[in-house]
Amino acid sequence: MTAPPGWRKHALIVAEDFAGMHAQGRGLAERAAMSWTFHAVPQRLKSRLPLHWLRAQSGRKKADGFRFDPSFTSGPDLVISIGGRGGVLGRQIGRACGVPVVQIQDPRRHRQDFSLVIANAHDAVKGDNVIEVRTALHDMTPARLAAAREKWEARLRDGEEKLLGVLLGGPNGRYRFGEPEAQALGRRIRGFLERTGMGCALVPSRRTSPQALRVMAAELSGTKCRTWQGQGADNPYVGVLSCADMLAVTVDSVSMISEAVATTAPVGLLALPGRSRRLSAFAATLKGLGRVQDFGGKNFENMSFSTVAHERVDDTSLAAREMCRRLFGAGFS
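So in the working numbering, spot 229 of the sequence shown is number 221, and the numbers just go up one at a time.
Don't read these hints as lab results, they were simulated from the structure. Treat the hints with care, since some could be wrong.
What the hints assert, rightly or not - Taking lysine to aspartate or glutamate pairs in the EDC-like style, the calculated list, with each CA pair at most 16 Å apart, reads:
1) Lys118 - Glu142
2) Lys154 - Glu293
3) Lys118 - Asp98
As the list claims (entries may be wrong) - Label-pair ranges, simulated between beta-carbon atoms:
4) Ala113 - Glu186: 18 to 26 Å
5) Arg149 - Gln104: 19 to 27 Å
6) Glu303 - Pro172: 30 to 38 Å
7) Gly214 - Ala116: 41 to 49 Å
8) Glu186 - Gly165: 31 to 39 Å
9) Ser213 - Ala88: 51 to 59 Å
10) Ala146 - Ala273: 33 to 41 Å
11) Arg267 - Arg218: 26 to 34 Å
12) Phe10 - Pro134: 23 to 31 Å
13) Gly214 - Gly119: 22 to 30 Å
14) Gly323 - Arg100: 43 to 51 Å
15) Arg149 - Gly224: 20 to 28 Å
16) Ala225 - Ser27: 17 to 25 Å
17) Gln175 - Arg0: 50 to 58 Å
C-beta: ideal position from N, C-alpha, C; glycine also.
Construct the entire structure; sequences and hints are all you get.
See the structure below:
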């Protein structure tokens, strides 16, 4: 996307301090060529917040726990709120600032109070202010993936011709992912690696229990699988997305699956015990596009011998373009 001439907007992103929410807000703002500031929702969100700082004179940089980007003295042009708690605070900030509020994810309440709601198709949210997307928003652009590939490929591949990237989520109230499930997944991945001869880079998330990870690592001992963990610049997650020839992702995470299908690698879904109507609908949409398959199926396994690049599925740019058109009358090319 290319911004129109003279485009200069600043977004305040309001959400709980989770990596996935950071990525959604940052991804939307950056695709819209906006600078941004992130504000984490306080752990104890009061019903009435001290928002007088928002109405303060131009030049005030810090008050009541909020910080503005020093180059933007007049406040944000847009509030991007994420999730339920982010939506509560975001609406109040937007009202006090007199700027539009764009809500990412279904807020479930007061939808009409947001300028726009960006919701996944599987949430079945309808309304004149709704932008429907097939995937979760994120910041996995081709440029970012290319940079990560250059940094990580030699380390992750470690001489292997073909690499399977495994992305693990965790239990979430809909799906179980404890030690028994880890053992079963480990056996399935082990069989796949033995049949295909691929190397493997396995990356847990913050929701993956240490006990489950130990069980899976034991099940995969003796294979070409390495477990990667790291923080900050040493976090291998984006590297695995960019370098893997094939990706396997547990079904519990819409965000990780969305980021996986934004690559050109074939994606297999690792089933877990449990059920979610919404997540099943999400998976069905991507299966209908031919973008994901069940991990371990014959068709998926046959792809280990293919060099065909798959089409990226990423609706973040679509959402950003439509947001700018509706709110600012801006046309992005």
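Hint by hint, which ones does this structure get wrong, listed from lowest number up? When the structure is compared with the hints, numbers 1, 4, 5, 13 and 14 turn out to be violated.
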